[in-house]
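If you're matching them up, the sequences are chains Y and W in order.
Note that the first sequence covers residues 1 to 137 in this note's numbering.
Note that the second sequence covers residues 1 to 355 in this note's numbering.
What the hints contain is simulated information worked out from the structure, not anything from laboratory work.
Mixed in with the good hints there might be a few duds.
[To be verified] Reference excerpt, derived from the structure (chain W facing chain Y, CB under 8 Å, subset only):
no.	residue
1	Gly233
2	Ala236
3	Glu240
4	Lys265
5	Val267
[As the list claims (entries may be wrong)] What follows is a list of derived Cβ distance ranges for each label pair:
no.	chain 1	residue 1	chain 2	residue 2	range
6	W	Pro327	Y	Arg49	49 to 59 Å
7	W	Trp258	Y	Gly8	37 to 47 Å
8	Y	Glu121	W	Glu307	50 to 60 Å
9	W	Ala168	Y	Tyr62	19 to 29 Å
10	Y	Ile14	W	Val267	20 to 30 Å
11	W	Ala200	Y	Arg49	33 to 43 Å
12	Y	Asp128	W	Trp258	38 to 48 Å
13	W	Asn172	Y	Asp128	47 to 57 Å
Just so you know, these numbers come straight off a predicted model, no measurement behind them.
All C-beta atoms, glycine included, are put in the ideal place defined by N, C-alpha and C.
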Amino acid sequence: MSRLDEFGPGERRIVEAGRRSIGVFRVGDRFYALNNHCPHQGGPLCLGRVAPWLRSAAPGDYRVDDEDALLACPWHGWEYDLATGQSFLGPGEAPVRTYGVSVGGREPGPYVAETFPVHVEDAWVVVDTATRGEGSA
Amino acid sequence: MSTAVGTGAVDCDVHCAPAHLDELGGSFDGYWRGYVRDAGLALSPTQAGAYPPGAPTSATPAAREAGLLPAAGTVDALRDALLDPAGLRTAVLSCTSAFPVNRNPYYEAALTRAVNDWLLERWLARDDRLRASIVVPTLDTRAAVAEIERVGSHPGVVQVLLPVRTDAPWGNVRHRPVLEAAAEHGLVVGLHAWGRAGQAGTPSGLTHTYVEDYLTNSQVAAQAQLTSLVTEGAFAAVPELRVTLVECGFSWLPALLWRFDKDWKGVWREVPWVAGRPSEIVREHVRFTTAPAALPPDPARIREVLELLGGTDALLWASDHPHDHGPGGRWLLDALTDDERAAVTRDNAVAWYRL
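Take these sequences, add in the hints, and give me the full structure.
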């Protein structure tokens, strides 16, 4: 879908594959591809903003990861994990003691956005729409 | 009084008020007595318009006939009007006389100390059915904490009563030490209708009619405070914090929480310390007294309201004596099952206030 040297870190492309619209995201040297269709109400998911994981141990405390990991649908702001498509609707209800340990303790949301494997082949970024849900390369 | 309330109930909002500043005892030293005299200060008989004597909401006909405006001034009067005829197990006293105090922070501290001493000496010491909400200064956080430390460990004190109208919402971090001190002393924080005269009842400014003010307490002001406490992370910072909204209604809650949960999902990133759905935080940390109860008369429709509320766990029965908010509270009790009525009129309060 793109030459590698024309697709820089932090960029995204929306590509058409048959009747599908697919968003491809480059975060650092990793690529992610998701169906541009929010499983909540069908919004154009891949037009939304991307953001890193964010954790807090107390009011006023913020710990932000370095890399973008979540994609927010522009319609309701609901976020999806770029790698797995798992929806995330705000921090989970785990007790305070588990904060700041890991991403564990967060409550997965009810939705999973469709994801596609992405490969780099001969300096081209290739999205595989034949197989689904196997994450990113 | 509702005939549906059985004996042994816990009444979570029973008003009392000193008739005059002269009734407040030794906490008012010579300086403050001189200040009151020289400034011509008095306790407002309407509590700065909160309870206008001509408004039907200010007193039930029976309380009006007994002269209990703005509220009972002595234990004997309250025994005759409420404690004995209702067969109450416990009455949680609310004294809002110091709410409309002037803006002198030192006078406010002296007045709230005097009100608390009056509550302990003239009320708690004279009837073991009584429990007190203490009042604290709103303009000086350190003085408020000091007052909680001074009287908050008294076994009859169960609550710190704060006005629902404030200069800044109670969730604001500047107020956090007050909430922490209450929690450390095992006390509930009660947010009660009204506040200082001149504090805007609405975010769009000051009002000039009683009906606007009356409605504002139980709608705009209470919802703003609840939203503030959750959003600013008061319950995350003070996990033991328990808050009761007193005389602020409750039937508005489902609409607020539905929207709160929905919007939090989209903008949680701004407040990542809100570590769960706002509705869950409220369910764990907040209770509501049943007066006023803005409800329809049809029991089937009241059941719909209760379903939206997620049951009756959040409700604490209150007569709000001597105030008269109409028959909604009675309709509520009539629509409950026996078990629910026992919970709302007694067990919820016993657990919440650790009675």
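Verification of the hints:
About 3 Å separates the beta-carbon of Gly233/W from the nearest beta-carbon of chain Y, less than 8 Å, and the hint is met. A distance limit of 8 Å between C-beta atoms decides the matter here; for Ala236/W the minimum to chain Y is near 6 Å, and the interface restraint holds. Checking Glu240/W against chain Y by beta carbon gives a least distance of about 12 Å; that is not within 8 Å, so the hint is violated. Here the hint on Lys265/W is kept, as its CB sits about 4 Å from the closest CB of chain Y, short of 8 Å.
Proximity of Val267/W to chain Y holds as hinted, the smallest CB-CB distance being about 6 Å (cut-off 8 Å). For the hinted restraint 49 to 59 Å between Pro327/W and Arg49/Y, the CB-CB distance of approximately 51 Å keeps it satisfied. Remark: the range hint 37 to 47 Å for Trp258/W to Gly8/Y is upheld by a beta-carbon distance near 42 Å. Separated by about 57 Å at the C-beta atoms, Glu121/Y and Glu307/W satisfy the suggested range of 50 to 60 Å.
Judged by the Cβ atoms, the range 19 to 29 Å given for Ala168/W and Tyr62/Y holds: they are separated by roughly 22 Å. One distance hint, 20 to 30 Å for the beta-carbon pair Ile14/Y and Val267/W, holds here, with the actual separation near 25 Å. Between Ala200/W and Arg49/Y the beta carbon distance is about 36 Å. The supplied range of 33 to 43 Å therefore holds. Checked against the hint of 38 to 48 Å, the C-beta distance between Asp128/Y and Trp258/W comes to roughly 41 Å, which is consistent with it.
Between Asn172/W and Asp128/Y the beta carbons are some 52 Å apart, a value that agrees with the proposed interval 47 to 57 Å.
The earlier numbered hint that this structure contradicts is number 3, and it is the only one.
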